[in-house]
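> Please work from the sequences and hints to get the whole structure.
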Amino acid sequence: MQSIYYELPLPKYINVKDLRKFILGIISKKGELIRWSIYDIDTTENEKILKINALILN
Amino acid sequence: MRTTPTILVVPTGIGCEIGGFAGDALPAAKLLASASGCLVTHPNVMNGGALSEKDERIFYVEGYSLDRFAKAEIGLKKVNQQKIGIIFDKNIENNILLRHLQVADACIATLGIDVASYVITDEPVGIVISNELSGLSSGYIKNPDTLIKAGKILINQGITAIAIVTRFPDEVDVENINLYREGKGIDVIAGVEAVISHIISKYLKVPCAHAPALAPIDLKVNLDPRAAAEEIGYTFLPSVLIGLSTAPDLIDLPNFNKKITIHPDEIESIVAPSGALGGEAVLACMERNLNIIVVKNEGVLNVSSEWFDYQRLFKVENYLEAAGLLTAFKEGISYRSIQRPLNSIKNAI
Numbered sequence: 001m002q003s004i005y006y007e008l009p010l011p012k013y014i015n016v017k018d019l020r021k022f023i024l025g026i027i028s029k030k031g032e033l034i035r036w037s038i039y040d041i042d043t044t045e046n047e048k049i050l051k052i053n054a055l056i057l058n
Numbered sequence: 001m002r003t004t005p006t007i008l009v010v011p012t013g014i015g016c017e018i019g020g021f022a023g024d025a026l027p028a029a030k031l032l033a034s035a036s037g038c039l040v041t042h043p044n045v046m047n048g049g050a051l052s053e054k055d056e057r058i059f060y061v062e063g064y065s066l067d068r069f070a071k072a073e074i075g076l077k078k079v080n081q082q083k084i085g086i087i088f089d090k091n092i093e094n095n096i097l098l099r100h101l102q103v104a105d106a107c108i109a110t111l112g113i114d115v116a117s118y119v120i121t122d123e124p125v126g127i128v129i130s131n132e133l134s135g136l137s138s139g140y141i142k143n144p145d146t147l148i149k150a151g152k153i154l155i156n157q158g159i160t161a162i163a164i165v166t167r168f169p170d171e172v173d174v175e176n177i178n179l180y181r182e183g184k185g186i187d188v189i190a191g192v193e194a195v196i197s198h199i200i201s202k203y204l205k206v207p208c209a210h211a212p213a214l215a216p217i218d219l220k221v222n223l224d225p226r227a228a229a230e231e232i233g234y235t236f237l238p239s240v241l242i243g244l245s246t247a248p249d250l251i252d253l254p255n256f257n258k259k260i261t262i263h264p265d266e267i268e269s270i271v272a273p274s275g276a277l278g279g280e281a282v283l284a285c286m287e288r289n290l291n292i293i294v295v296k297n298e299g300v301l302n303v304s305s306e307w308f309d310y311q312r313l314f315k316v317e318n319y320l321e322a323a324g325l326l327t328a329f330k331e332g333i334s335y336r337s338i339q340r341p342l343n344s345i346k347n348a349i
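If you're matching them up, the sequences are chains H and E in order.
Heads up, the first sequence is in the working numbering, so the first residue is 1 and it goes up one at a time.
Heads up, the second sequence is in the working numbering, so the first residue is 1 and it goes up one at a time.
Among the hints, erroneous ones may be present.
[Claimed, not checked] Straight line, CA to CA, 27 Å or less: simulated DSSO-like cross-link-like pairs of lysine-lysine:
id, chain 1, residue 1, chain 2, residue 2
1, H, Lys-48, E, Lys-296
2, E, Lys-184, E, Lys-152
3, H, Lys-48, E, Lys-71
4, E, Lys-259, E, Lys-83
5, H, Lys-29, E, Lys-71
6, E, Lys-296, E, Lys-184
7, E, Lys-205, E, Lys-152
8, E, Lys-296, H, Lys-17
[To be verified] Derived CB-CB ranges, DEER-like:
id, chain 1, residue 1, chain 2, residue 2, range
9, H, Asn-46, E, Asn-178, 41 to 49 Å
10, H, Glu-45, E, Leu-313, 21 to 29 Å
11, E, Lys-346, H, Glu-7, 36 to 44 Å
12, H, Pro-9, E, Glu-306, 17 to 25 Å
13, H, Lys-17, E, Asn-318, 25 to 33 Å
14, H, Asp-42, E, Leu-313, 18 to 26 Å
15, E, Gly-158, H, Gly-31, 27 to 35 Å
16, H, Asn-46, E, Asn-80, 51 to 59 Å
Derived by calculation from the structure, the hints in this document are not laboratory data.
Bear in mind that the values here come from a model prediction, so they are computed numbers and not experimental data.
Using N, Cα and C, we set each Cβ at its ideal position, and we do this for glycine too.
What follows is the structure in structure tokens.
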């Protein structure tokens with residue numbers, strides 16, 4: 001079991017209704033997801049960064 | 001009777017003012033169940049150590065399964081009674097194990113709950129509490145396989161719902177536990193508790209919930225009332241058994257053979273704390289264009305509505321206001337009709 005932290009730049013074009021699948025498309029590659037959530041969102045000058053913690057069984 | 005089926009989430013281990021302690025969101029859940037007529041929520045909301053309550057309108061669904069329900073992957077089927085089995089962690093000492101077995105007997109004798117059998121894991125589950133994320137409760141277990149194996153033994157014996165009791169280390173963060181008992185901190189073990197029940201839900205697909213086994217702690221004078229339910233008695237198992245006793249069956253979708261009491265398509269709203277909109281259930285409900293009712297209920301997270309451009313988002317000050325909004329939805333009253341100023345309708349073009 002592994003705890004993984006991601007910082008995903010949020011594409012500007014993305015609709016909120018597609019956000020979950022966008023995140024899963026990236027974080028589910030590492031193994032079986034047990035628990036995940038966005039725990040913070042940062043903004044820089046040009047973009048939003050999603051901070052995600054995922055617990056994965058591999 | 002009119003209903004507006006609703007999901008209520010108060011994520012575990014993020015220190016919410018309401019729901020961040022020992023079943024202290026239960027009164028809010030009862031209020032929302034009364035307003036909506038049908039509420040689906042999770043053990044963190046309902047479990048108050050030795051205290052809990054049954055409510056015909058509330059569906060008790062573990063967090064991982066609740067996320068699946070929000071994603072429309074499962075439906076819920078009401079049952080009169082679940083046949084409960086208990087998994088005990090091999091690390092639990094005999095005297096603590098005996099206390100838990102007596103709780104199970106008490107729930108049979110006094111509440112009429114069907115607790116059928118128990119199994120002890122082959123290996124210690126291995127709880128690891130982590131503080132990688134400062135201010136958040138998180139962690140993992142070293143031996144998920146032993147948990148799954150024990151659960152399979154119970155299911156093969158006809159068990160339909162599983163309570164899990166694991167031994168948490170005594171040397172956990174004492175300072176933070178004291179802060180929690182004073183109502184100032186987060187529940188440091190809650191994150192791992194969620195991991196344990198998520199594993200059973202994911203791999204065994206039955207109703208389940210977790211209670212930690214802890215050594216007795218010293219009496220505390222300045223205890224916060226919200227944490228007081230965990231100071232009653234020797235175990236946290238009663239609320240888990242009460243919740244599971246009538247937890248709904250989880251029906252994989254699509255399914256044309258089994259009668260489903262609540263199909264996820266019937267859900268109209270989800271109620272969540274204002275800073276906790278980054279969980280899978282809320283995001284799945286946005287995906288499905290449902291009402292997101294955001295309640296001011298501060299915790300350590302700040303994933304708030306300002307980040308989401310979403311039309312059907314309703315910000316309210318408290319759960320009383322959320323209940324009013326759900327009542328308006330249920331009765332078919334436009335919430336705008338009750339707000340002032342009331343503006344004239346606009347030309348759509």
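> CB of Pro-9 (chain H) to CB of Glu-306 (chain E), is that within 17 to 25 Å?
holds (18 Å)
> Between Lys-48 (chain H) and Lys-296 (chain E), does the CA-CA distance stay at or below 27 Å?
Within the cut-off at roughly 23 Å; holds.
> Can the restraint linking Lys-205 (chain E) and Lys-152 (chain E) be considered satisfied, given a maximum Cα separation of 27 Å?
holds (11 Å)
> Does Lys-71 (chain E) sit within 27 Å of Lys-29 (chain H), going by the straight-line distance between their CA atoms?
OK: Lys-29 (chain H) and Lys-71 (chain E) at ~19 Å, within 27 Å.
> Honestly, do Lys-346 (chain E) and Glu-7 (chain H) meet the 36 to 44 Å range at C-beta?
holds (41 Å)
> Between the alpha carbons of Lys-296 (chain E) and Lys-17 (chain H), is the straight-line distance 27 Å or under?
holds (23 Å)
> Could you tell me whether the CB distance from Asn-46 (chain H) to Asn-80 (chain E) stays inside 51 to 59 Å?
holds (57 Å)
> Take the C-beta atom of Glu-45 (chain H) and the C-beta atom of Leu-313 (chain E), compute their distance, and say whether it sits inside 21 to 29 Å.
The hint (21 to 29 Å, Cβ to Cβ) holds, given that Glu-45 (chain H) and Leu-313 (chain E) are roughly 26 Å apart.
> Given the hint that Lys-48 (chain H) pairs with Lys-71 (chain E), test it: the Cα-Cα distance must not exceed 27 Å.
The hint holds at about 25 Å.
> Please test the hint of 18 to 26 Å on the beta carbon pair from Asp-42 (chain H) and Leu-313 (chain E).
Because 21 Å falls inside the window, the suggested range holds.
> Does Lys-83 (chain E) lie within 27 Å of Lys-259 (chain E) when you go C-alpha to C-alpha?
With Cα atoms ~19 Å apart, Lys-259 (chain E) and Lys-83 (chain E) stay inside 27 Å; holds.
> Verify the CB-CB distance for Asn-46 (chain H) and Asn-178 (chain E) against the hinted window 41 to 49 Å.
For Asn-46 (chain H) and Asn-178 (chain E) the Cβ distance comes to about 44 Å; the hint holds.
Of the hints listed earlier, the one the structure fails to meet is number 2.
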